[in-house]
Amino acid sequence: MVHDVNEDKCFSYIWKIENVTYYAEKCAKGIESPSFVVDEMEGITWKLRYFPTKGDFFRKYCYCGNICVKLYSKRDDRPAVTTKVKFEIALIGKDGSDLISQHSEFDFEKGFGNGFDSFAKWKEVYDTKRSTSRYLDGAL
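For the sequence shown, our numbering assigns the number 360 to the initial residue and increments by one for each residue that follows.
Hints were generated in silico from the structure; no laboratory data involved.
Note that CB positions come from ideal geometry on N, CA and C, so glycine has one too.
Hints are supplied without guarantee of correctness; some may be wrong.
[To be verified] Straight-line C-alpha distance at most 30 Å; calculated DSBU-like pairs for lysine-lysine: (1) LYS445 with LYS480; (2) LYS368 with LYS482; (3) LYS445 with LYS406; (4) LYS443 with LYS406; (5) LYS433 with LYS480; (6) LYS453 with LYS406; (7) LYS443 with LYS375; (8) LYS445 with LYS433; (9) LYS406 with LYS375; (10) LYS445 with LYS375.
[Said to hold, decoys possible] Estimated spans, in silico, between C-beta atoms of each pair: (11) LYS433 with ASP454: 30 to 38 Å; (12) ASP454 with GLU401: 17 to 25 Å; (13) GLY402 with SER456: 30 to 38 Å; (14) GLU447 with SER394: 13 to 21 Å; (15) ASN378 with THR441: 35 to 43 Å; (16) LYS480 with ILE373: 21 to 29 Å; (17) SER371 with GLU391: 34 to 42 Å; (18) GLU377 with ASP466: 28 to 36 Å; (19) SER477 with GLU401: 28 to 36 Å; (20) TRP374 with ASP398: 28 to 36 Å; (21) LYS482 with GLU401: 23 to 31 Å.
Let the sequences and hints guide you as you build the complete structure.
Laid out in structure tokens, this is it:
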């Protein structure tokens, strides 16, 4: 069963990752956002996963040299329902502007995710030689 969400409804979730440059070098299994609930979507609980590193876990799930970002619906005790979702994930700069943005539409099943294996080039975002980088310490 596929549940289509009314296209007029919209929800925004901003996840600020402090010290993201530290995680980019150290966090081999990715970073998981706090859970958030979208009431307009039957109270489904969601989370984001951000893979900024080059470790073994990263290589398994993301294309080499790229940052990977995924949106997941969380498992719960309710009956399984497939939910069609249009979503956008953006990397927001220090000044609040969208620096990188990608859109997708996906039929989500509980516990499964979808997103972007090639969201951005790792080197372009975390090149520490560019001390004035617009990307560093922004938000998703």
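List, from low to high, the hint numbers that the structure doesn't satisfy. 2, 12, 17, 20 and 21
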